[in-house]
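Visitor: The opening position of the sequence shown corresponds to residue 1 in UniProt numbering, with each subsequent residue numbered one higher.
The hints are simulated quantities; they were obtained by calculation from the structure and are not laboratory data.
Among the hints, erroneous ones may be present.
[Unchecked claim] Label pairs and their computed distance ranges (CB to CB):
1) S204 with Y312: 23 to 29 angstroms
2) G127 with E431: 23 to 29 angstroms
3) A399 with E431: 43 to 49 angstroms
4) T245 with P351: 47 to 53 angstroms
5) R116 with L347: 50 to 56 angstroms
6) R116 with G341: 30 to 36 angstroms
7) R433 with L221: 17 to 23 angstroms
8) V139 with R320: 50 to 56 angstroms
9) P138 with A48: 34 to 40 angstroms
10) D377 with A399: 33 to 39 angstroms
11) Q287 with L243: 45 to 51 angstroms
12) R433 with G289: 30 to 36 angstroms
We put the CB at the ideal spot given by N, CA and C, even for glycine.
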Amino acid sequence: MGIRSPRGGLDSARAETLGPAPGRGQGERMSQETRPAAGAGGYRRVFAVREFRAVFAAHALSLLGVVVSEIALTVLVYELTGSPLLSALAFALGMLPYLVGGVLFAGIADRHPPRRVLVGCDLLCAGCAALMALPATPVAALLALRCAIAAVAPVFNGTRMATLTDILGDGDVFVLGRSLLRMVSQSAVLVGFGLGGVLLTFVSPRGALVITVGTFLASALLLRRGTRRRPARSRPAHREGALVTYSLAGVRQVLGDRRLRALVLLLWAPPMFAVAPEALAAPYAEQIGVGSAGVGLLMCAMPIGTIAGELYAGAALSVRARARITLPLAATTLLPLLAYGAAPGLLWAVPVLALAGAGAAYTLGLDRWFVDAVPPDLRGRAMTVHTAGLMTLQGVGMALAGLAAEFFAVSTVVAVVAVLGSVVCAALALEVRATAPRPARPLTGERGPRSERASES
1 MGIRSPRGGL DSARAETLGP APGRGQGERM SQETRPAAGA GGYRRVFAVR
51 EFRAVFAAHA LSLLGVVVSE IALTVLVYEL TGSPLLSALA FALGMLPYLV
101 GGVLFAGIAD RHPPRRVLVG CDLLCAGCAA LMALPATPVA ALLALRCAIA
151 AVAPVFNGTR MATLTDILGD GDVFVLGRSL LRMVSQSAVL VGFGLGGVLL
201 TFVSPRGALV ITVGTFLASA LLLRRGTRRR PARSRPAHRE GALVTYSLAG
251 VRQVLGDRRL RALVLLLWAP PMFAVAPEAL AAPYAEQIGV GSAGVGLLMC
301 AMPIGTIAGE LYAGAALSVR ARARITLPLA ATTLLPLLAY GAAPGLLWAV
351 PVLALAGAGA AYTLGLDRWF VDAVPPDLRG RAMTVHTAGL MTLQGVGMAL
401 AGLAAEFFAV STVVAVVAVL GSVVCAALAL EVRATAPRPA RPLTGERGPR
451 SERASES
């Protein structure tokens, strides 16, 4: 499962033409003609789509930019102030503004053409990083610019996720595309911070921020040249009113619908609880008497399990098989963490964490159900709300785990989190099952897409 990156955790027909968008009907015909067939091929089907390759490369570049900027800014603030508190705050500010950006600006994802939003977000982040790199920028401005990048992130992620449904369709190919983007984010957890640390041995923090500017600009160029221009998702008649009002209306629609609320809560809940052992990796390593190398292994174990679980589910399991395991996995993915109650040593803790991470394969099924349940003109806002809630609740989970560890042993805290999280996830899984649409007709003979999707729920 792992801690999701601020540009992560969150994810089309080939771009034969990159010019002006066709009419809505023509665009839909082009999309359906150029999407890969839903047959065999697994992840190869996704990479066969030209537009997705551009989105994938842009995601990797912008994610690299975020990781490098986080490390460089943390080091820079510490060099300027000598304050561990301000240095830590510079890092924490990567999560705190997510809720603000995701709730108040979600409407941007539906009100404006998606390519324009994605390119604009990358250019805004590049501008903020460029200002950070200026020698005259004071610490307060550095922190404010970090907040600006973080506030833009949920809009970028939500727009990109919604755009994937245009690029890949809203079926299995979309699910695999989202899975690939998540795996890139998890890989960044594994290697990004290490590479950033190596980079800072060769260049100054401000020099690293200049490199960040380059990654954001390269991402913007890839999205501009590699994806097709599409119209805004919502119709003009639905765009009236102020942006904040429109955004809040989308939040109410997502959380006010029983099916959508159940799905988004189940997407949020397991990561919120799963961050506890990662957030407490350093104190747990001290509790069991292992050094800094042990901390690294504890931090890497869950992301490795997540990547392995998603790769297996995406490549080896059929759509129907993934649908069958979705709710059982979501309800039980935290149970391996109960082993922390026995304060396992490093050799046992690492496989326990990897096993818990592998349970994140449930997201492949939930992604499919979520996109099926969201009306097309709400998708941008719904995906933005999903991204904002995911990051915000992970931050809350880390903070609460740290607070509990002030009073109890880390092993006890993680075991209790496993119990509470499993109860919450099981209850949400039952709610998702209760709200599943019923098949329109018996599951025999030829089925249309609507009845097939319903049966998978």
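Visitor: CB of V139 to CB of R320, is that within 50 to 56 angstroms?
Guide: Since the Cβ atoms of V139 and R320 sit about 55 angstroms apart, the hinted range of 50 to 56 angstroms holds.
Visitor: Q287 and L243, beta-carbon distance inside 45 to 51 angstroms?
Guide: 48 angstroms Cβ-Cβ, so the 45 to 51 angstroms window holds.
Visitor: Okay, S204 versus Y312 on CB: inside 23 to 29 angstroms?
Guide: Since the Cβ atoms of S204 and Y312 sit about 42 angstroms apart, the hinted range of 23 to 29 angstroms is violated.
Visitor: Indicate whether the distance between the beta carbons of R433 and L221 respects the range 17 to 23 angstroms.
Guide: 45 angstroms, violated
Visitor: With respect to the beta-carbon atoms only, verify the hint that R116 and G341 lie 30 to 36 angstroms apart.
Guide: 51 angstroms, violated
Visitor: Given the hint of 33 to 39 angstroms, is the C-beta distance from D377 to A399 inside that range or not?
Guide: 35 angstroms, holds
Visitor: Range first: 34 to 40 angstroms. Now tell me if the beta carbons of P138 and A48 are that far apart.
Guide: Since the Cβ atoms of P138 and A48 sit about 49 angstroms apart, the hinted range of 34 to 40 angstroms is violated.
Visitor: Evaluate the given range 43 to 49 angstroms for the C-beta pair formed by A399 and E431.
Guide: 26 angstroms, violated
Visitor: So does R116 sit 50 to 56 angstroms from L347, Cβ to Cβ?
Guide: Roughly 52 angstroms apart at Cβ, these two residues keep to the hinted range, so it holds.
Visitor: At the C-beta level, are R433 and G289 separated by a distance inside 30 to 36 angstroms?
Guide: 44 angstroms, violated
Visitor: Given a hint of 23 to 29 angstroms, does the C-beta separation of G127 and E431 actually sit inside it?
Guide: For E431 against G127, whose Cβ atoms are near 43 angstroms apart, the range 23 to 29 angstroms is violated.
Visitor: Evaluate the given range 47 to 53 angstroms for the C-beta pair formed by T245 and P351.
Guide: 50 angstroms, holds
Consistency with the previously given hints fails for numbers 1, 2, 3, 6, 7, 9 and 12, ordered from lowest to highest.
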